[in-house]
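When you get a sec, could you build the whole thing from the sequences and use the hints?
Residue numbers (UniProt numbering), protein chains in the order written: chain A, 1 to 315; chain B, 1 to 315.
Derived from the structure by calculation, the hints contain no laboratory data. Keep in mind that a hint or two might mislead.
[Unchecked claim] Simulated restraints, written as ranges between beta carbons of each label pair:
(1) B:Thr52 with A:Gly265: 49 to 59 Å
(2) B:Pro38 with A:Gly129: 50 to 60 Å
(3) B:Arg282 with A:Asp37: 29 to 39 Å
(4) A:Asp256 with B:Pro38: 24 to 34 Å
(5) B:Arg276 with A:Glu24: 51 to 61 Å
(6) A:Arg208 with B:Thr252: 42 to 52 Å
(7) B:Ala154 with A:Asp202: 32 to 42 Å
(8) A:Ala39 with B:Arg282: 19 to 29 Å
(9) B:Arg276 with A:Gln268: 35 to 45 Å
(10) B:Asp56 with A:Gln268: 50 to 60 Å
In this text, a Cβ means the ideal position worked out from N, Cα and C, and glycines have one as well.
Number of protein chains: 2
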Amino acid sequence: MTFSRVAIVGLGLLGGSIGLAMREHLPGVASAGWDADPAVRERARERGLVATIADDPAEAVRGADLVILCVPVGAMAQAAHAVAPGLSPDCLVSDVGSSKQGVAGALEQALPNHAIIPAHPVAGTEQSGPDAGFSSLFHHRWCILTPPAHAEAAQVDALAAFWRALGATVEVMEPAHHDLVLAVTSHIPHLIAYTIVGTASDLEEVTRSEVIKYSAGGFRDFTRIAASDPTMWRDVFLHNRDAVLAMLGRFTADLDAMTSAIREGDGQAMHDLFSRTRAIRRGILAMGQDDARPDFGRGDHDERQGDEAEPPPQS
Amino acid sequence: MTFSRVAIVGLGLLGGSIGLAMREHLPGVASAGWDADPAVRERARERGLVATIADDPAEAVRGADLVILCVPVGAMAQAAHAVAPGLSPDCLVSDVGSSKQGVAGALEQALPNHAIIPAHPVAGTEQSGPDAGFSSLFHHRWCILTPPAHAEAAQVDALAAFWRALGATVEVMEPAHHDLVLAVTSHIPHLIAYTIVGTASDLEEVTRSEVIKYSAGGFRDFTRIAASDPTMWRDVFLHNRDAVLAMLGRFTADLDAMTSAIREGDGQAMHDLFSRTRAIRRGILAMGQDDARPDFGRGDHDERQGDEAEPPPQS
Numbered sequence: 001m002t003f004s005r006v007a008i009v010g011l012g013l014l015g016g017s018i019g020l021a022m023r024e025h026l027p028g029v030a031s032a033g034w035d036a037d038p039a040v041r042e043r044a045r046e047r048g049l050v051a052t053i054a055d056d057p058a059e060a061v062r063g064a065d066l067v068i069l070c071v072p073v074g075a076m077a078q079a080a081h082a083v084a085p086g087l088s089p090d091c092l093v094s095d096v097g098s099s100k101q102g103v104a105g106a107l108e109q110a111l112p113n114h115a116i117i118p119a120h121p122v123a124g125t126e127q128s129g130p131d132a133g134f135s136s137l138f139h140h141r142w143c144i145l146t147p148p149a150h151a152e153a154a155q156v157d158a159l160a161a162f163w164r165a166l167g168a169t170v171e172v173m174e175p176a177h178h179d180l181v182l183a184v185t186s187h188i189p190h191l192i193a194y195t196i197v198g199t200a201s202d203l204e205e206v207t208r209s210e211v212i213k214y215s216a217g218g219f220r221d222f223t224r225i226a227a228s229d230p231t232m233w234r235d236v237f238l239h240n241r242d243a244v245l246a247m248l249g250r251f252t253a254d255l256d257a258m259t260s261a262i263r264e265g266d267g268q269a270m271h272d273l274f275s276r277t278r279a280i281r282r283g284i285l286a287m288g289q290d291d292a293r294p295d296f297g298r299g300d301h302d303e304r305q306g307d308e309a310e311p312p313p314q315s
Numbered sequence: 001m002t003f004s005r006v007a008i009v010g011l012g013l014l015g016g017s018i019g020l021a022m023r024e025h026l027p028g029v030a031s032a033g034w035d036a037d038p039a040v041r042e043r044a045r046e047r048g049l050v051a052t053i054a055d056d057p058a059e060a061v062r063g064a065d066l067v068i069l070c071v072p073v074g075a076m077a078q079a080a081h082a083v084a085p086g087l088s089p090d091c092l093v094s095d096v097g098s099s100k101q102g103v104a105g106a107l108e109q110a111l112p113n114h115a116i117i118p119a120h121p122v123a124g125t126e127q128s129g130p131d132a133g134f135s136s137l138f139h140h141r142w143c144i145l146t147p148p149a150h151a152e153a154a155q156v157d158a159l160a161a162f163w164r165a166l167g168a169t170v171e172v173m174e175p176a177h178h179d180l181v182l183a184v185t186s187h188i189p190h191l192i193a194y195t196i197v198g199t200a201s202d203l204e205e206v207t208r209s210e211v212i213k214y215s216a217g218g219f220r221d222f223t224r225i226a227a228s229d230p231t232m233w234r235d236v237f238l239h240n241r242d243a244v245l246a247m248l249g250r251f252t253a254d255l256d257a258m259t260s261a262i263r264e265g266d267g268q269a270m271h272d273l274f275s276r277t278r279a280i281r282r283g284i285l286a287m288g289q290d291d292a293r294p295d296f297g298r299g300d301h302d303e304r305q306g307d308e309a310e311p312p313p314q315s
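Right under this line is the structure:
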């Protein structure tokens with residue numbers, strides 16, 4: 001079983017990247033799409049994110065054998081209701097949401113008569129919108145499928161083959177376990193980054209201009225993550241609340257321990273932690289999940305591109 | 001006033017980069033160096049980090065009119081004592097430490113008869129050791145000087161000119177204010193990164209292999225920071241304790257507020273924070289302090305280099 005027509009609902013970073021990757025890797029498969037925002041549809045047409053942009057969600061999915069909902073987690077139910085009138089009875093419905101238990105429940109409720117296999121490609125950048133997508137976003141990235149117990153094996157295999165064609169490596173996982181794993185590897189890091197950037201911008205003793213100027217000492221990496229789409233992330237925390245709170249509790253306890261070590265001048269406790277965290281970094285590089293070059297290869301700032309990357313004024 | 005002979009004590013990332021940058025930008029200035037580790041001295045000779053590598057610290061600084069101590073903050077006093085027998089009476093002593101009040105006190109105590117102007121180039125990567133340095137590390141980066149009240153203006157100017165020649169933009173700051181600014185922009189981000197990587201590697205419900213595999217969702221950026229030199233960072237937290245604890249208190253309070261927002265499902269509070277943090281990112285890009293390309297330009301992983309960056313196995 002393979003798909004002959006794929007419809008993408010929501011044409012931002014993820015939806016646009018799926019369309020562009022399909023054009024590159026699956027040229028024989030028809031693509032159609034829709035976005036709730038007319039300006040996004042217009043831009044998606046100009047960039048050719050999918051072959052056909054419909055002005056109506058039901059029209060976009062008509063004749064499709066795979067529909068992928070690429071909207072914030074909190075908008076999944078609404079998107080499912082919007083496409084329902086146009087869905088073929090045997091069309092598989094999937095998504096790209098960052099939390100899976102909540103999405104599965106919402107989609108099953110909205111589309112009780114359709115096969116649903118949620119998915120989560122663990123890939124992204126801090127950019128969003130119809131200009132953000134690119135065809136290689138999924139290369140060497142994992143895509144996690146969380147099929148319900150009653151899912152047809154042929155459909156799971158077909159969806160896995162689709163993601164592999166786009167460059168991803170596919171894993172199958174229980175939805176609850178997915179939500180716990182991603183709480184650690186993605187949701188908590190985002191929450192921490194948003195929070196520290198907020199803390200820094202609220203200080204009275206240190207100006208915002210100083211925070212910006214001296215950000216190269218570590219802070220700037222957090223600001224990149226904290227530039228991610230606010231609506232998408234609000235929805236993640238609303239929909240993966242329990243796993244996020246559980247992991248946050250562990251992090252807070254560990255931070256309290258480090259705070260005590262600093263207060264008490266316990267250099268050994270610090271050195272122990274700071275040494276063993278290097279092993280995880282080595283694992284990530286060995287698995288090809290990050291750039292091994294120092295500073296992600298951005299060390300030579302003379303090679304930087306883009307109008308915004310002007311050097312600071314010489315004093 | 002300019003320097004004709006510069007001695008670098010400690011030949012890791014910072015010391016090595018200063019030597020390489022001098023060779024490129026100040027070819028007329030003599031350079032000498034020493035490191036406490038014989039293996040580092042040997043490697044520094046092979047890479048030509050400085051023109052002359054001495055086997056004795058006093059010998060390394062003989063005839064120098066500027067000595068820069070590039071060792072962890074906690075080793076500054078020891079390094080100062082080691083070079084003291086060779087120091088010319090009019091030699092200026094400086095450093096590159098990440099906290100300035102503690103270093104100033106340690107150096108003034110160790111070298112009571114010498115002019116001391118502490119400095120902090122806000123630049124670095126997660127790498128350390130004699131192979132980590134590169135000549136453009138200070139390009140478009142700030143270097144903060146924290147001269148004592150009694151410092152000679154001509155010496156401050158000469159040290160500023162030295163750093164400008166290496167590509168940095170120089171600012172002068174009170175030591176106490178430096179320590180507060182850097183607590184926010186560098187020390188707390190490192191502490192948080194070390195802690196969350198530690199939390200993730202201690203979980204029982206999520207395996208270390210899973211944390212590594214799915215790190216592209218945000219976690220991997222923290223692991224880069226948490227791969228920084230453990231001894232250097234232990235010393236930073238031991239020596240900038242008060243400012244770090246003060247800033248940590250603010251961050252913890254803000255994190256508690258976000259935890260409550262998640263618990264209570266307060267989407268508005270989340271969306272407000274996640275929206276306003278984007279302004280800081282825009283400021284950092286406009287000031288040329290980070291790479292404006294999505295994902296630091298590492299989005300296309302097919303272009304990655306290095307033996308360690310192998311793609312994951314296809315399942």
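Structure-based check of all given hints:
The given range of 49 to 59 Å is broken by Thr52 of chain B and Gly265 of chain A, whose C-beta atoms sit roughly 38 Å from each other. The supplied range of 50 to 60 Å is met by Pro38 of chain B and Gly129 of chain A, whose beta-carbon atoms lie about 55 Å from each other. A hinted range of 29 to 39 Å is violated for the C-beta pair Arg282 of chain B and Asp37 of chain A, which are about 22 Å apart. At roughly 41 Å, the beta carbons of Asp256 of chain A and Pro38 of chain B sit outside the given window of 24 to 34 Å.
A C-beta distance of roughly 37 Å is found between Arg276 of chain B and Glu24 of chain A, which places it outside the suggested range of 51 to 61 Å. Distance hint check: the CB atoms of Arg208 of chain A and Thr252 of chain B are about 21 Å apart, inconsistent with the given range 42 to 52 Å. At about 40 Å, the CB distance of Ala154 of chain B to Asp202 of chain A agrees with the hint of 32 to 42 Å. Distance hint for Ala39 of chain A and Arg282 of chain B: a CB-CB separation of about 21 Å, consistent with the stated range 19 to 29 Å.
Between Arg276 of chain B and Gln268 of chain A the beta carbons are some 39 Å apart, a value that agrees with the proposed interval 35 to 45 Å. Between Asp56 of chain B and Gln268 of chain A the beta carbons are some 31 Å apart, a value that contradicts the proposed interval 50 to 60 Å.
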